[in-house]
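S.K.: Listed below are the residues making up each chain.
Protein chains: 2
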Amino acid sequence: MQRYVLKISYDGANYSGFQIQKDKVTIQGELESALKQVLKSDISIVASGRTDAGVSAICQVCHFDCNEDINEHRTLSYLNAILPKDIRVLEIDKCSSDFHARYSSKQKTYEYYFYCGMQNAVYERFATQIGLNVNIEAMGEACKYFEGEHDFSSFCASNTEVKDKVRIVYLCSIVDLGGGLYKLVITGNGFLYNMVRIIMGTLVDVGYGKLQCEKLKDVIESKSRDQAGKTMPSKGLVLKNVEY
Amino acid sequence: MQRYVLKISYDGANYSGFQIQKDKVTIQGELESALKQVLKSDISIVASGRTDAGVSAICQVCHFDCNEDINEHRTLSYLNAILPKDIRVLEIDKCSSDFHARYSSKQKTYEYYFYCGMQNAVYERFATQIGLNVNIEAMGEACKYFEGEHDFSSFCASNTEVKDKVRIVYLCSIVDLGGGLYKLVITGNGFLYNMVRIIMGTLVDVGYGKLQCEKLKDVIESKSRDQAGKTMPSKGLVLKNVEY
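Here the protein sequences come in this chain order: A and B. Counting in the numbering used here, the first sequence runs from 1 upward without gaps. Counting in the numbering used here, the second sequence runs from 1001 upward without gaps.
Hints were generated in silico from the structure; no laboratory data involved. Using N, Cα and C, we set each Cβ at its ideal position, and we do this for glycine too. Be aware that one or more of the hints could be misleading.
Here are the simulated distance ranges between beta carbons [as the list claims (entries may be wrong)]:
1) A:Gln-212 <-> B:Asn-1189: 23 to 33 Å
2) B:Lys-1085 <-> A:Ala-81: 46 to 56 Å
3) B:Glu-1243 <-> A:Lys-94: 46 to 56 Å
4) B:Ser-1044 <-> A:Val-175: 37 to 47 Å
5) B:Glu-1243 <-> A:Asn-159: 35 to 45 Å
6) B:Lys-1217 <-> A:Ala-13: 36 to 46 Å
7) A:Asp-164 <-> B:Asn-1014: 45 to 55 Å
8) B:Ser-1044 <-> A:Arg-102: 30 to 40 Å
9) A:Leu-177 <-> B:Leu-1132: 43 to 53 Å
10) A:Ala-81 <-> B:Ala-1013: 32 to 42 Å
11) B:Ala-1053 <-> A:Tyr-170: 41 to 51 Å
12) B:Glu-1221 <-> A:Ala-81: 36 to 46 Å
Dumping the calculated DSS-like pairs for lysine-lysine here, alpha-carbon to alpha-carbon at most 30 Å [as the list claims (entries may be wrong)]:
13) A:Lys-144 <-> A:Lys-85
14) A:Lys-85 <-> A:Lys-163
15) A:Lys-85 <-> B:Lys-1007
16) A:Lys-85 <-> B:Lys-1036
17) B:Lys-1215 <-> B:Lys-1165
18) A:Lys-223 <-> A:Lys-235
19) A:Lys-24 <-> B:Lys-1085
20) A:Lys-163 <-> A:Lys-223
21) A:Lys-7 <-> A:Lys-24
22) A:Lys-106 <-> A:Lys-235
23) A:Lys-230 <-> B:Lys-1085
24) B:Lys-1210 <-> B:Lys-1223
25) A:Lys-235 <-> B:Lys-1007
26) A:Lys-240 <-> B:Lys-1235
27) B:Lys-1230 <-> A:Lys-85
28) B:Lys-1223 <-> A:Lys-235
29) B:Lys-1024 <-> A:Lys-85
30) A:Lys-85 <-> B:Lys-1223
31) B:Lys-1210 <-> A:Lys-235
32) A:Lys-24 <-> A:Lys-235
33) A:Lys-240 <-> B:Lys-1223
34) B:Lys-1040 <-> A:Lys-7
35) A:Lys-217 <-> A:Lys-106
36) A:Lys-24 <-> A:Lys-240
37) B:Lys-1144 <-> B:Lys-1165
38) B:Lys-1085 <-> A:Lys-235
39) B:Lys-1223 <-> B:Lys-1106
40) A:Lys-217 <-> A:Lys-144
All chains, full assembly: derive it from the sequences and hints.
M.R.: Shown next as C-alpha cells:
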C-alpha cells in the first residue's frame, strides 16, 4: 500500500462543499470518481479539512492510499483531463504512510475577500459586499484581538461536535487591495466550523461601529456564539494553503 | 437636453465586448435596452472607450443625453433591477454638456491579472496562466521601458485606423499579490487597440528569457507590430478606472 499526497485547487461556487454527499455534486465526489476512472479502483480521499458549499481553495491538501505504484505525472494529467475545469490537480507525490492530510497539518491560511461601495460586477465574482461607510481602520485594529491562543467558542457554529475549541491564530490582518477591495488574511493551527466567516462578521460589526474594538476581549471571553457577529456568506472565503 | 455621466462595472466574460453589434450580446446593447425600458425613450450611450469581448471593468465611465430631467437615484435602482447581475450601475449624475466620456478623459488605468504555476481553478476565474519558470523580476524591470511618451505602433493591433500612435504611459508596474498571482498595473493618457494585451505579451517574452530587457528600446523604436510579443487573452484584462 502506498500513500500519496494530492494538492488541488477548486472554485467552490458550483459545489455543495467538499464532503461527499448522496445526490449532491461535491469536490470529494468529483475527485473520487475521477480517481476511480484513472486508477481502476475505489479510492477514498482525506482532506486537510472540509470546506463548505461555495468556499474555494487555492491549495487544498489531501491524501489517498493505493494498492499499486502509480505514475504521478501521468495520473495528474489524466485527472485534469477528466475533472471539471473548476477542480484542478496541482500536484501528486508519494508520501510516508505516517502522513495524514488532516492530523499532520500544522497551520492553515484562509483569505476572505470583501469590498465597500456599490455592488460591483467584477468584485461580485469572488468577494462579499459590505456597505458604503465602513471603518476599515477599526477593522484592522480589531484583527489583533484574534491573534494568540484563545477559546474560540464564540466564533464556532453551534451545531458542532468538537469539544476543544482552543485554537492559536498566528496572524490576522486586513490587506487593502485598492479600489475598495480588501482581504482578511488569517493563519492558525486549526479552525472551528464557520470560524473565519464568524470572525469576519464580527469585524464587519466593528466596521459599522456596532461593536467597539475594546469589547472584543469580552466577546471572546464570553465563549458564547450570540455575542459574536453573523456568519458571513461563503463566497468571499478561500483556503489559501495548508502547512505541514 | 440634459447630459448624464454613468459609471458602471461589468464582468465581460459573457459578452461580445462593449460596443453594440447586431445579433450579439454586448454591454452597450444591454445598457441601452435597460435605459429605454426605464426612461421610455431611445438613449445612446458613449463610453470612455470600447472594451473587447471578455474584458471586464471595475469602473467604466459613459455619458448619455436625455430630453427630460430624471431622478438619478431611482433610475440607478431601476437599472440595476433590470440589468443582468454581471452589469452593475455604480453612479448616475448630471453633468455639463461639455463633458464627453471619451474626449474629456485625462487618463485610464488598466490591470492585467496573471499567475505562474499549475493551472489553478481559483485564479482561472479572472487571470491568465503563464508558465512555471518565469522571471518576474525581469518583467518588473522591463515595465520601466514603457513609461513615458512613446510611439506605441509596435503595441497596436494592425487592423486599426488610428493615425497618431503616440501615448504617454504614466505608470507601468507589476504587483505581487502572493501565492503566484500578479497584476500588471498600467496608467496612461490613452491606449491603442490591444495595447495592454500586447505589452503584457511582450513582458511574458521577457519573463521567459526570449527577449532581453535592453532590447525593449529597439522594439519600441521599430514601430513594428511583429517586433513585440503576442496579444495575451482578454480574460486577465480589467479597466480599473478613468480620470477626467
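S.K.: All hints are to be evaluated individually against the structure, with a verdict given for each.
M.R.: Hints and how they fare:
{"no.": "1", "hint": "A:Gln-212 <-> B:Asn-1189: 23 to 33 Å", "verdict": "violated, 46 Å"}
{"no.": "2", "hint": "B:Lys-1085 <-> A:Ala-81: 46 to 56 Å", "verdict": "violated, 32 Å"}
{"no.": "3", "hint": "B:Glu-1243 <-> A:Lys-94: 46 to 56 Å", "verdict": "holds, 54 Å"}
{"no.": "4", "hint": "B:Ser-1044 <-> A:Val-175: 37 to 47 Å", "verdict": "holds, 41 Å"}
{"no.": "5", "hint": "B:Glu-1243 <-> A:Asn-159: 35 to 45 Å", "verdict": "violated, 50 Å"}
{"no.": "6", "hint": "B:Lys-1217 <-> A:Ala-13: 36 to 46 Å", "verdict": "holds, 45 Å"}
{"no.": "7", "hint": "A:Asp-164 <-> B:Asn-1014: 45 to 55 Å", "verdict": "holds, 47 Å"}
{"no.": "8", "hint": "B:Ser-1044 <-> A:Arg-102: 30 to 40 Å", "verdict": "violated, 59 Å"}
{"no.": "9", "hint": "A:Leu-177 <-> B:Leu-1132: 43 to 53 Å", "verdict": "violated, 25 Å"}
{"no.": "10", "hint": "A:Ala-81 <-> B:Ala-1013: 32 to 42 Å", "verdict": "violated, 23 Å"}
{"no.": "11", "hint": "B:Ala-1053 <-> A:Tyr-170: 41 to 51 Å", "verdict": "holds, 44 Å"}
{"no.": "12", "hint": "B:Glu-1221 <-> A:Ala-81: 36 to 46 Å", "verdict": "holds, 45 Å"}
{"no.": "13", "hint": "A:Lys-144 <-> A:Lys-85", "verdict": "violated, 38 Å"}
{"no.": "14", "hint": "A:Lys-85 <-> A:Lys-163", "verdict": "violated, 38 Å"}
{"no.": "15", "hint": "A:Lys-85 <-> B:Lys-1007", "verdict": "violated, 33 Å"}
{"no.": "16", "hint": "A:Lys-85 <-> B:Lys-1036", "verdict": "violated, 38 Å"}
{"no.": "17", "hint": "B:Lys-1215 <-> B:Lys-1165", "verdict": "holds, 20 Å"}
{"no.": "18", "hint": "A:Lys-223 <-> A:Lys-235", "verdict": "holds, 26 Å"}
{"no.": "19", "hint": "A:Lys-24 <-> B:Lys-1085", "verdict": "holds, 26 Å"}
{"no.": "20", "hint": "A:Lys-163 <-> A:Lys-223", "verdict": "holds, 13 Å"}
{"no.": "21", "hint": "A:Lys-7 <-> A:Lys-24", "verdict": "holds, 23 Å"}
{"no.": "22", "hint": "A:Lys-106 <-> A:Lys-235", "verdict": "holds, 25 Å"}
{"no.": "23", "hint": "A:Lys-230 <-> B:Lys-1085", "verdict": "holds, 25 Å"}
{"no.": "24", "hint": "B:Lys-1210 <-> B:Lys-1223", "verdict": "holds, 19 Å"}
{"no.": "25", "hint": "A:Lys-235 <-> B:Lys-1007", "verdict": "holds, 25 Å"}
{"no.": "26", "hint": "A:Lys-240 <-> B:Lys-1235", "verdict": "holds, 22 Å"}
{"no.": "27", "hint": "B:Lys-1230 <-> A:Lys-85", "verdict": "holds, 25 Å"}
{"no.": "28", "hint": "B:Lys-1223 <-> A:Lys-235", "verdict": "violated, 46 Å"}
{"no.": "29", "hint": "B:Lys-1024 <-> A:Lys-85", "verdict": "holds, 26 Å"}
{"no.": "30", "hint": "A:Lys-85 <-> B:Lys-1223", "verdict": "violated, 39 Å"}
{"no.": "31", "hint": "B:Lys-1210 <-> A:Lys-235", "verdict": "violated, 39 Å"}
{"no.": "32", "hint": "A:Lys-24 <-> A:Lys-235", "verdict": "holds, 19 Å"}
{"no.": "33", "hint": "A:Lys-240 <-> B:Lys-1223", "verdict": "violated, 43 Å"}
{"no.": "34", "hint": "B:Lys-1040 <-> A:Lys-7", "verdict": "violated, 55 Å"}
{"no.": "35", "hint": "A:Lys-217 <-> A:Lys-106", "verdict": "holds, 26 Å"}
{"no.": "36", "hint": "A:Lys-24 <-> A:Lys-240", "verdict": "holds, 25 Å"}
{"no.": "37", "hint": "B:Lys-1144 <-> B:Lys-1165", "verdict": "holds, 19 Å"}
{"no.": "38", "hint": "B:Lys-1085 <-> A:Lys-235", "verdict": "holds, 15 Å"}
{"no.": "39", "hint": "B:Lys-1223 <-> B:Lys-1106", "verdict": "holds, 24 Å"}
{"no.": "40", "hint": "A:Lys-217 <-> A:Lys-144", "verdict": "holds, 10 Å"}
Consistency with the previously given hints fails for numbers 1, 2, 5, 8, 9, 10, 13, 14, 15, 16, 28, 30, 31, 33 and 34, ordered from lowest to highest.
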